[in-house]
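Colleague: Can you join these two chains into the complex? Each is in its own frame, and there are hints to help.
Protein sequences, first through last, are from chains A and B.
The first sequence begins at 1 in the working numbering and counts up one residue at a time.
The second sequence begins at 536 in the working numbering and counts up one residue at a time.
Quick caveat, the hints were computed from the structure, so don't treat them as lab data.
Built from N, CA and C at the ideal position, the CB exists for glycine as well.
Some hints could be false.
[Claimed, not checked] Using C-beta positions, here's what the derived DEER-type ranges look like:
| hint | chain 1 | residue 1 | chain 2 | residue 2 | range |
| --- | --- | --- | --- | --- | --- |
| 1 | A | 312 | B | 767 | 31 to 37 Å |
| 2 | B | 688 | A | 333 | 48 to 54 Å |
| 3 | A | 362 | B | 604 | 49 to 55 Å |
[Claimed, not checked] Chain A stretches covered by chain B per the calculated footprint, using a threshold of three residues with CB under 8 Å from any CB of chain B:
| hint | region |
| --- | --- |
| 4 | 160-169 |
| 5 | 235-247 |
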Amino acid sequence: MSSAEVALAAAPEAKHYTGLLDWLTTTDHKKIGLMYLIFSLVNAWVGGLFAGMVRLRLYDPNWNFIKPEFFNQMLTMHATVMIFMVVMPAFVGFGNYLVPLMIGARDMAFPKLNAFSFWMLIPPSLMMYASFFTVGGSAQGGWWSYPPLSGAEFSPGAGESLWCLAIILLGISSIMGAVNFLVTIADMRAPGMGWMQMPLFVWATEITAWLLLLAVPILSGVLVMLLSDRIFHTGFFQPGLGGDPLLYQHLFWFFGHPEVYIMILPAFGIMSHVLPAFAHKPVFGYKGMVYALASIGVLGFMVWAHHMFTSGISPEAQIFFSTTSLIIAVPTGVKVYSWLASMWGGTIDFSAAMKFGLGFIGLFVIGGLNGVVLAIVPFDIAVHNTYFIVAHLHFVLFGGSVMGLMAATYFWFPKMTGRRLSEKLGNWHFWLFFIGFLWVFTPMHILGIEGMPRRVAFYRPEFTDLNRFISLGFLLLLAGGLIFTYNVIHSIRHGEPTPEPDPWKINDVQQSLEWMVPSPPPAWNFDEVPVYEEG
Amino acid sequence: MATESHSAAAPAHAAAAAHADPSAHAPQPSAWPILLALGIGVFATAFFLVATGFNALPLLVLAGILLVLIPALGWATTIAAERRHQDPNYTFAILRRGFLYFLLSEGAIFGSFFAHNLYIRFGHATTWPPLGAPRLETSLPAIGTLLLVLSSFTYHWSHHAFIGGKRALAKNWLLATIILGVVFLAIQGYDWGFLKAFDKFTYSQGVFGSQFYWMTGFHGLHVCVGLLFLVLVYWRMERGEMNQTYHFSLTAAEYYWHFVDIVWIFLFFVIYLL
Ligand SMILES: [Cu+2]
Numbered sequence: 001m002s003s004a005e006v007a008l009a010a011a012p013e014a015k016h017y018t019g020l021l022d023w024l025t026t027t028d029h030k031k032i033g034l035m036y037l038i039f040s041l042v043n044a045w046v047g048g049l050f051a052g053m054v055r056l057r058l059y060d061p062n063w064n065f066i067k068p069e070f071f072n073q074m075l076t077m078h079a080t081v082m083i084f085m086v087v088m089p090a091f092v093g094f095g096n097y098l099v100p101l102m103i104g105a106r107d108m109a110f111p112k113l114n115a116f117s118f119w120m121l122i123p124p125s126l127m128m129y130a131s132f133f134t135v136g137g138s139a140q141g142g143w144w145s146y147p148p149l150s151g152a153e154f155s156p157g158a159g160e161s162l163w164c165l166a167i168i169l170l171g172i173s174s175i176m177g178a179v180n181f182l183v184t185i186a187d188m189r190a191p192g193m194g195w196m197q198m199p200l201f202v203w204a205t206e207i208t209a210w211l212l213l214l215a216v217p218i219l220s221g222v223l224v225m226l227l228s229d230r231i232f233h234t235g236f237f238q239p240g241l242g243g244d245p246l247l248y249q250h251l252f253w254f255f256g257h258p259e260v261y262i263m264i265l266p267a268f269g270i271m272s273h274v275l276p277a278f279a280h281k282p283v284f285g286y287k288g289m290v291y292a293l294a295s296i297g298v299l300g301f302m303v304w305a306h307h308m309f310t311s312g313i314s315p316e317a318q319i320f321f322s323t324t325s326l327i328i329a330v331p332t333g334v335k336v337y338s339w340l341a342s343m344w345g346g347t348i349d350f351s352a353a354m355k356f357g358l359g360f361i362g363l364f365v366i367g368g369l370n371g372v373v374l375a376i377v378p379f380d381i382a383v384h385n386t387y388f389i390v391a392h393l394h395f396v397l398f399g400g401s402v403m404g405l406m407a408a409t410y411f412w413f414p415k416m417t418g419r420r421l422s423e424k425l426g427n428w429h430f431w432l433f434f435i436g437f438l439w440v441f442t443p444m445h446i447l448g449i450e451g452m453p454r455r456v457a458f459y460r461p462e463f464t465d466l467n468r469f470i471s472l473g474f475l476l477l478l479a480g481g482l483i484f485t486y487n488v489i490h491s492i493r494h495g496e497p498t499p500e501p502d503p504w505k506i507n508d509v510q511q512s513l514e515w516m517v518p519s520p521p522p523a524w525n526f527d528e529v530p531v532y533e534e535g
Numbered sequence: 536m537a538t539e540s541h542s543a544a545a546p547a548h549a550a551a552a553a554h555a556d557p558s559a560h561a562p563q564p565s566a567w568p569i570l571l572a573l574g575i576g577v578f579a580t581a582f583f584l585v586a587t588g589f590n591a592l593p594l595l596v597l598a599g600i601l602l603v604l605i606p607a608l609g610w611a612t613t614i615a616a617e618r619r620h621q622d623p624n625y626t627f628a629i630l631r632r633g634f635l636y637f638l639l640s641e642g643a644i645f646g647s648f649f650a651h652n653l654y655i656r657f658g659h660a661t662t663w664p665p666l667g668a669p670r671l672e673t674s675l676p677a678i679g680t681l682l683l684v685l686s687s688f689t690y691h692w693s694h695h696a697f698i699g700g701k702r703a704l705a706k707n708w709l710l711a712t713i714i715l716g717v718v719f720l721a722i723q724g725y726d727w728g729f730l731k732a733f734d735k736f737t738y739s740q741g742v743f744g745s746q747f748y749w750m751t752g753f754h755g756l757h758v759c760v761g762l763l764f765l766v767l768v769y770w771r772m773e774r775g776e777m778n779q780t781y782h783f784s785l786t787a788a789e790y791y792w793h794f795v796d797i798v799w800i801f802l803f804f805v806i807y808l809l
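Pulled out of the complex, with its shape left as it was, chain B reads as follows (with noise of 0.2 Å):
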């Protein structure tokens, strides 16, 4: 039932159906995505709330994350268990440029900060570093800089392991990916800690601190994320979900690392060496 006969005639619309009922065809219903919605929509409310100055109900923040948390673990295990009965290369395939589309516009966004650094950079301001913000020091992000490019080449690796049937050296490499990615989040934040505490640097003081800490806050969001991700994929290969037909979670999630770590490259010489 899974794959769709190309035996009729060309353009068809021949009453004669070749399958018993093709009503299996016909798209499943669910609650996952009207829910998804609900949930940005009042994570959003509360948000919003709290950072004009309301005291938002803790309550509505705390559905906010459980209303976004649950229904996209529903969905994608949904997704998983429908894979099941689908051609499994065909919904690789699909499932692959639809996130390779989705980083697209995650990089266009970026794109659009980069911009905004480059502008005013070389057509606005007269110094720059402007006044009153300091040097940068470079050597601390250097070394997490060297730590991401390397959780990207274990993450391949872990990859690599896993088609390879190799499981228990994949779910080392994937491991000692998360531990880099950890160590990379961890000097950030000691590196925002200390321009904060030492430099005055803020966000708020000029806007070279505004673009410093967006683009690197924004980045480390989605090193967030891509820990989540990773820490999923762990999960799933503990549990034994995956295997060498169905490991689209391991692809993406390796897209998205692979992401996260080019846009640091970018950002690492724009913000720091440029």
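In isolation and in its complexed conformation, chain A is listed as follows (with noise of 0.2 Å):
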């Protein structure tokens, strides 16, 4: 490793800044990455109570003190800020605490890039709530903003443009965050371990972070175009002009489903650690594993127009989109038979991790069959922007990715703080959370066969009884919420104690570094470089 003859000069001395300062200029991952976490928390809470209000309109459609345009405002700010505010910055809170110990690292490969990264998302969130006080409110298109809707024309307020810029911001810090993470992967692993000694959640983390590398520069690129169209004025999108606004759906969806992966590849991964672990085996099928994750990554870059069966594609094209789509289920059921497997014939111990982690699985695997449903030009056709995709999209996303979330946060939570959160609070937690999703999101299967659009602040009376049933579920949600709030917050300070190094006893079966370092790590992770044997 070092080959050169320079000498090289003595490190100067240690900086050590204390209280708010130390959180503000640090560049530790572990607590970078734990500052990820809490914006998230924060953001969650945001995106819920927007979530919120537009079950409190579809309780009863006639209460107008919740207007039309402020339940547009809601539902778009809500999918924005639980996508880039909530899901994604979360994953890479996890990425970041973990990645470097689990390779064997001291820290990421670019420190002061990975804090710049982290306060990068800060102008972007002040700028999308900043948007709510403009004349005409934050923006109203939909996270999709697709054109003409989202254009000068129909979107004239200062909120859609802040929303563009806002995203291109965000894009900032996702595209440095990936370049890290690639370099940390590749360049400061522990002498010895090689690619495939990995652990999983470091697999998905650079499958994640390649699909971030390569797709947000397109999302960047295309709202920089539709940004353009609405200040300058200039033609990209505009029919008008020579533009084209199916363009901007299809350069939307090819960031946009890529974007769907980044949002649950790291769930994956937490699987692969989460369900071994708890049923005390190691893995099962590791390599099937690995070439699962590339090849979803790969495919997921040759299914976007999935998304447009309705918007005027030509049949081939549907064909070609609906095909891809169909084996992208292949993989993920490899994966899926894979955790099975790793689970057969162990002792399961039912804690909360375990819980939230079974629970992925049995909401995942419905909402991933309802993608494989949705992937046939007919069906899609009928159900197209009606609340079956709302409901598709919150099994896979809160099903998927906030699930499995939240088995990370009880498994990996004696590690990076050295306490366990109550198990007990945490058993109320899975249940609220699992009966109340079910109780909101399978009637929206109904009501999307029967015919409810989407994002719309109306409905035939007919669909009332299920939209109150649906809005009085979001209340256990809520509940669950704050539960898990309470119990983070609480158990910082008083959880039980767990100083050792593997609190959860599966060293033995699971040789991830993480669980041989102190919990919480010291800020240089380990006294001595851990180093693999060849092969």
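Modeller: See the structure below:
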């Protein structure tokens, strides 16, 4: 490693800040990871309350204290906040905290760039929230922001422009984070640790980082064009000037579908740690899991137009994108069966983390199967833009991503804080979330098949009962969220202490390096950098 | 202290440390990242206010620019200083990989514009160039292309000379590169002015104009950043801040400059020739 004959200067005196200044200037991947997670939790409350406003309006569309325009803002910002300011940063937070530990590195490859990626979240988030106070309020065009609806003619306010600008700025954070993860994983692994010896969460982060690196710039580019159409009156997506709104959809979903995997692959990685750990078995089918992750990543770039079956694309294109979308079910199935096999014959410990892990499998499989039927063109055309889609995407993103994040939180909280989350509260949290989730999102399938369109502040009278039922279910999710937040805040100070490296006693089946350092780990991670035997 | 001990047994959590004090490996705090993020936020806000017709305080614009430039320079200086007590080959390797991946994502942004252009041309428009758009004059941009390609070579020779220890020669080739870059920009500016004044070709008159001005403009912005980069490298050569071991900025600027060159070749082909 050090072949240079250069005399190295002595390292300067280490600087130490304390208190707030320490957090503002830290470059420690663990502190940055925690800040990402706190950022996500705070925004999850905001995004969750936005969803509450949507459900409140839909409880009774005659209650006009939530105006349709405000309903549209809530709906758009719920999705925007949840995707860009909750789920993505939460996975980056876990990645930040865990990847260097898991590969035996002392930090990320570029610690300062890492801090920058986090702080780069703050200005765009402030812009998003500030947009509510502009004339006309925040963006109302949905998170896809399709022109011509999002164009200057139909969305004249500043909110939509601020939305574009904020997403472009958030992209800087994502791209820099992706670069950092890719270099860290490629060059910072412990001596002797081969690619096929990396824990599966690291693999999931690697593939996710590639998707971020190649997909997010497309979103940045397309939003630069949209913003330019709005502000400078260029013609990229304006039919009157020779532009094409359909092209916006192509470019947006070329980013948008990989984005779905950006939000689920890390959860796959998390499952490959949590499920075997509490079945007390090694993970089954490591290689198959890696190849499945990689092929999902590659195929993810070839399916985008399955979001556009009713937008006017050729039948040949429909067949192509339908087929590729169906093929993705194969590697996904490989993963689900490998998780099941990982638990087969094990002694299962039904901890809160494991409950969320098992909940993930059940809900994600339903969401995945919904996806398979939606990939079939005639079915998709029948339910396009109805509540069936809303049900599908929440089964994948809430039942999948969020349940995965919860499992990860209960699993790695002792590592991060040296204290355990309360299992009793965790149990309440799980059942409230699981039942509340099914309560809210299962009936949406029926609403969708019966033809209730999404993103509309009104509905036909015969949909009233189911909508009221769904809106009441929101209260269960709210209660679960409150218990979880209380559990986190309380357990940080008063949880059962777990200073030992391996609080779950899984070192014999899961040789992941984070369980070999104290909880929480020291700033330098490893007193001695671990070395792997070649092979 | 700078290189890590490889003597531990696999995978180790041994309490017995070979080093006197492992806390020396703790990452150092830095204020530059948060300041740069703040600067980008201020600058973007100022840009937004100006672009949407509000009167942004000139002070806000100035603060944004300063808050971007000062942390960026401070950060670069810190990295250069830190490398002096780290394994230079290793830090060189990771910086290079990081920079190349960053360029890949830059390429993807250009890719979205190319995709837009090709889709509209071959999948949407009935005539190309569209009615009302001028036929672009190619001879002057062709000269610009040649000069830019040549500048990639002059930069390469500069790099080569520097590695070979011929500092004066390296500086001359670098200066030649900067001059060629400036001439390229001047040609582009002249071309823009000509199209605007005589052909009444604007970015808001049609999709081709939008593509033309955004693609060449976005590329021109990259040339400007590249030129700043080259000037920085020249300044560091002048001050003797680089040597055979520490010259990452020389290499990074080379990658960046080649990248800008390659993008232009595609651009020239797609916009002017195709
Ligand atoms: Cu999709």
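Colleague: Could you run down the list of hints and mark each one as holding or not?
Modeller: Hints and how they fare:
1. 312(A) - 767(B): 31 to 37 Å: violated (50 Å)
2. 688(B) - 333(A): 48 to 54 Å: About 53 Å separates the Cβ atoms of residue 688(B) and residue 333(A), which means 48 to 54 Å holds.
3. 362(A) - 604(B): 49 to 55 Å: Given about 53 Å between the Cβ atoms, the range holds.
4. 160-169: holds (count 4)
5. 235-247: holds (count 8)
Going down the numbered hints, you'll see the structure goes against just number 1.
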